[in-house]
Amino acid sequence: MNTLKEAKTLIQENIRDYGMYIALFVIILTFTIMTDGLFMSSRNISNLIDSAGYIAVLAVAMTLVIVIRHIDLSVGYAAGFMGAIAAILMTQAGMPVYITIPIILILGIVIGLFSGFLVASIGIPAFVATLAAMLIFRGALLQVTEKTGTIIIQNDTFNAIGNGYIPSLLQFNGLHLLTLIVGLVGIGFYIYSEISNRRNKMKYQFDVVSTGIFVLKLVFISAIIAYITWILAGYNGFSWTIIIMLLVVVIYHFISTKTVLGRHIYAVGSNPEAAHLTGINVKKITYIVFGSMGMMSALSGILFTARLQSATTTAGTLFELDAIAAAYVGGVSAAGGVGKVTGAVIGAIVMASLTNGMNLLGVGISYQYMIRGGVLALAVIFDVLTRMKR
Amino acid sequence: MSEYILEMNQISKEFTGVKALSNVNFKVEKGEIHCLIGENGAGKSTLMKVLSGVYPYGTYEGDIVFEGIIQKFNKITDSVETGIAIIYQELALFPDLSVYENIFAGNEVKRGGVIDWNQTIVQAKEMLKKVNLDVNPEMLVKDLGVGKRQLIEIAKALSKDVKLLILDEPTAALNEDDSENLLKLLGDLKKQGITCIMISHKLKEVISIADKATILRDGETICTLEGSRGEIKENIIIKNMVGREIDDIYPKRENKTIGGKILELHNWSAYDPQLSRNVIKDVSFHVNQGEIVGISGLMGSGRTELALSIFGNAKGYKLQGDLVWDGKSIVFKHPSEAIEAGIAYVTEDRKGDGLFLGQDIKNNISAANLKSISQNGVINQNEEIKIADGYKNSLSVKAPSLEQIVGNLSGGNQQKVSLGKWLFVGPKLLILDEPTRGIDVGAKFEIYTVMNKLISEGMSIVMISSELGEVLGMSDRIYVMAQGEIKGELSAEEATQENIMQLATQ
Ligand SMILES: Nc1ncnc2c1ncn2[C@@H]1O[C@H](COP(=O)(O)OP(=O)(O)OP(=O)(O)O)[C@@H](O)[C@H]1O
Ligand SMILES: [Mg+2]
Chain V
2 MNTLKEAKTL IQENIRDYGM YIALFVIILT FTIMTDGLFM SSRNISNLID SAGYIAVLAV
62 AMTLVIVIRH IDLSVGYAAG FMGAIAAILM TQAGMPVYIT IPIILILGIV IGLFSGFLVA
122 SIGIPAFVAT LAAMLIFRGA LLQVTEKTGT IIIQNDTFNA IGNGYIPSLL QFNGLHLLTL
182 IVGLVGIGFY IYSEISNRRN KMKYQFDVVS TGIFVLKLVF ISAIIAYITW ILAGYNGFSW
242 TIIIMLLVVV IYHFISTKTV LGRHIYAVGS NPEAAHLTGI NVKKITYIVF GSMGMMSALS
302 GILFTARLQS ATTTAGTLFE LDAIAAAYVG GVSAAGGVGK VTGAVIGAIV MASLTNGMNL
362 LGVGISYQYM IRGGVLALAV IFDVLTRMKR
Chain C
164 MSEYILEMNQ ISKEFTGVKA LSNVNFKVEK GEIHCLIGEN GAGKSTLMKV LSGVYPYGTY
224 EGDIVFEGII QKFNKITDSV ETGIAIIYQE LALFPDLSVY ENIFAGNEVK RGGVIDWNQT
284 IVQAKEMLKK VNLDVNPEML VKDLGVGKRQ LIEIAKALSK DVKLLILDEP TAALNEDDSE
344 NLLKLLGDLK KQGITCIMIS HKLKEVISIA DKATILRDGE TICTLEGSRG EIKENIIIKN
404 MVGREIDDIY PKRENKTIGG KILELHNWSA YDPQLSRNVI KDVSFHVNQG EIVGISGLMG
464 SGRTELALSI FGNAKGYKLQ GDLVWDGKSI VFKHPSEAIE AGIAYVTEDR KGDGLFLGQD
524 IKNNISAANL KSISQNGVIN QNEEIKIADG YKNSLSVKAP SLEQIVGNLS GGNQQKVSLG
584 KWLFVGPKLL ILDEPTRGID VGAKFEIYTV MNKLISEGMS IVMISSELGE VLGMSDRIYV
644 MAQGEIKGEL SAEEATQENI MQLATQ
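Residue numbers (the working numbering), protein chains in the order written: chain V, 2 to 391; chain C, 164 to 669.
Hints are computed from structural coordinates only; laboratory data are not their basis.
There could be a bad hint or two in this list.
[To be verified] Label pairs and their computed distance ranges (CB to CB):
no.: 1; chain 1: V; residue 1: Ile382; chain 2: C; residue 2: Lys238; range: 38 to 46 Å
no.: 2; chain 1: C; residue 1: Thr179; chain 2: V; residue 2: Thr4; range: 39 to 47 Å
no.: 3; chain 1: C; residue 1: Phe257; chain 2: V; residue 2: Val209; range: 39 to 47 Å
no.: 4; chain 1: C; residue 1: Thr240; chain 2: V; residue 2: Ile366; range: 32 to 40 Å
no.: 5; chain 1: V; residue 1: Val27; chain 2: C; residue 2: Lys288; range: 53 to 61 Å
no.: 6; chain 1: V; residue 1: Val251; chain 2: C; residue 2: Lys616; range: 40 to 48 Å
[Stated by the list, open to error] What the simulated footprint calls covered on chain V by chain C, stretch by stretch (three residues with Cβ under 8 Å from a Cβ of chain C suffice, anywhere in the stretch; the number is not a length):
no.: 7; segment: 64-70
no.: 8; segment: 76-85
no.: 9; segment: 112-126
Even glycine gets a Cβ: it sits at the ideal position worked out from N, Cα and C.
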């Protein structure tokens, strides 16, 4: 009884965070029922997460850009452009993959730093600076793909980034062994970190949830990870895209919650003047955040190009808006200083689920746009309302 | 028998985890000036927000009876229409709009749905006359001092036919002259039959102006003192507020040991490119190790600018002259360099540029010195909690936990968090800009005691303050500033209220 009551207040107090998970759950359930379970099939889930990957990495970095009260509209075509450059380097210059990828990532950082320079040092509003950059990259993409049109990539290693799966080591009852192992390690790590976190908080007499709720939460989250792992293991296992996406999330999550850099980023977003007077170099933080955005655009370009196994003239179209939408669905606030990178990933998965589910149901593209727009608006309305209440 | 214009009966208000008000009773008679006093976090602002509809009907318990009718305000405009106007602790004017636009913002003078600007200006002039303010209504608000802005807020309230005027710490940011002006105006308004509730931490003002004073402590009504019965006296107020007696609010320091010069400025000037004028002119001064140097002066006399120019030239002035720190001539290019050298600056505007309001107490306290509790850029969060908790306790910050969002703390507790943040840096020189603005007597005493302790540990303090009592009571030496210049230096012995004011208004 008590546990139930506690759970209720807990949900009420954290309605914004939980609301997103509940929404995701409702979306999944609806589509699963409407498609007679096709939505939850191994193959579809694998496909869905892969198609969320190149937006998720953008959304994660975009969250930090929005946290420091800026925006980056150039990331979509920047991703398309850098994907095309990667294709050209490999097909026309014959460069090997492991050189191409670092070069593209570095190119991304340089591009991001340039936006950072315009915003932080020259003082151009980010909206305008990155709008200009967006137009430039759009042109640049057309320019480099003009002669050849679509550039087909035949490099298997590169294409595996977007289409391949981690090796299985052994088939185990038709299940993908390494995937199961990775999943188990993930659960173990999750439980360990939660327990040590709780222990710490108790040591300092911080409020913690009751043991009942805590165990319930552990079991629940572990079950979800286990279930997803199970589903994926039934098809081809974890794809490289999933692994890359998870890595990016873990790294960004770590930086944003555990490091000085992360604290400084949120401080700058929360109150730039106070941050300056606290001795934080606001300019430097702006450069770093835009640099990271550029690098994630490059990664997004690589993932997308690899997925299509080719660079096209329209690659990257509207990625920036999908990423911004994912970040907002994930709970970032335009007022600055608020927003979690984990939220952005969930946001990206929510948006990808919508697209995927509606595709399965054969919903026309025109309706798809409207529904996605509606969901974005709803998420932000919900956000504003729950914030006002507090 | 006069009637009550306002009765607040059994008001309770709870925030998640905090009981801000419990069964508060508060009655105000028509035409009186009623002061609401109490320690930081006692619930004064919250009570007034309940009254004005910021917290709508249904989010609190109890009844509000105004002019004999139970009121159920759902939003602020409801209370405004009833004749209640509130002027908040933080002024709510539009700095880039003109005086007349501000006075009628939200209450525009319209003819057929179109704003009649000429009529607006005419009426604005009338309102300005009512508050004895002689400014051109077409001036921009940002070009006016705080004292005048406060009067404009009142003019704005008057334009809405106010019956009950509520002022939340109106004089906190005002100098003595402006404060006196404002209090006189409240007296005039009283004669016109306007009832007034004033929240203030300045007991002298309360004593001089209040007909009655209600004291809150920890969200409960302690008592209502009546001037007509001779109850509004400093010792009675303090005793009821704090729950104990404080003999001397400026604690004495034993064994002073004043060392050599830690900071010197020689012919120091600062040119502000945004205002395109010199904000600091040819200032020479010094601070010795182990002393409290008071800097007095009127608003806008350049005291904050002086602090900012020393503190890593935070506003990007063009500087001239020499800064000698610890015997070495040095140029700080960024606040981080000043912090590194051992200077800390607690800003006067804690909400504007002091605190991260959306973040919790822990993050705010650690913000300026994360380096000391991190390894390879990774924060040791246990250490962080331990340290933040230490400052929360030693400064007695009233909050349910370290995870409390700083924006939800009362003004005084925010100030303590600000102070904690800078003490954690372990500075050699602490610059305090209006350190006790909006702070209750008990907490003031605590802060003064902390200051004395820091000094005895060898720190030096520069205290910028508009409150003459505190400058006189705490400083070893006093500089008086006006128009960006230092007009004089006084030792603690020779300084008096009179000679400071004389220098300040030169
Ligand atoms: N929105 C909020 N959420 C949580 N707690 C709050 C909120 N607003 C106020 N409080 C708490 O309620 C209590 C009363 O605060 P209030 O601002 O009314 O104090 P106050 O008497 O005006 O103090 P001060 O003199 O410092 O301005 C404090 O403990 C404060 O932390
Ligand atoms: Mg208050």
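Hint-by-hint comparison with the structure:
Checked against the given bound of 38 to 46 Å, the beta carbons of V:Ile382 and C:Lys238, roughly 19 Å apart, lie outside it. Range check, C:Thr179 to V:Thr4: Cβ separation about 19 Å, and the 39 to 47 Å hint is violated. A C-beta distance of roughly 45 Å is found between C:Phe257 and V:Val209, which places it inside the suggested range of 39 to 47 Å. The given range of 32 to 40 Å is broken by C:Thr240 and V:Ile366, whose C-beta atoms sit roughly 45 Å from each other.
Taking the beta carbon of each, V:Val27 and C:Lys288 are about 60 Å apart, inside 53 to 61 Å as hinted. For the hinted restraint 40 to 48 Å between V:Val251 and C:Lys616, the CB-CB distance of approximately 45 Å keeps it satisfied. For the segment 64-70 of chain V, the stated coverage by chain C is not satisfied: 0 residues place a CB nearer than 8 Å to a CB of that chain, which falls below the threshold of 3. Chain C is given as covering the segment 76-85 of chain V, and this is violated because 0 residues of the stretch bring a CB closer than 8 Å to a CB of that chain, at least three being needed.
With 0 residues having a beta carbon nearer than 8 Å to a beta carbon of chain C, the segment 112-126 of chain V misses the requirement of three or more and the stated coverage is violated.
Of the numbered hints given earlier, the model fails hints 1, 2, 4, 7, 8 and 9; all others are met.
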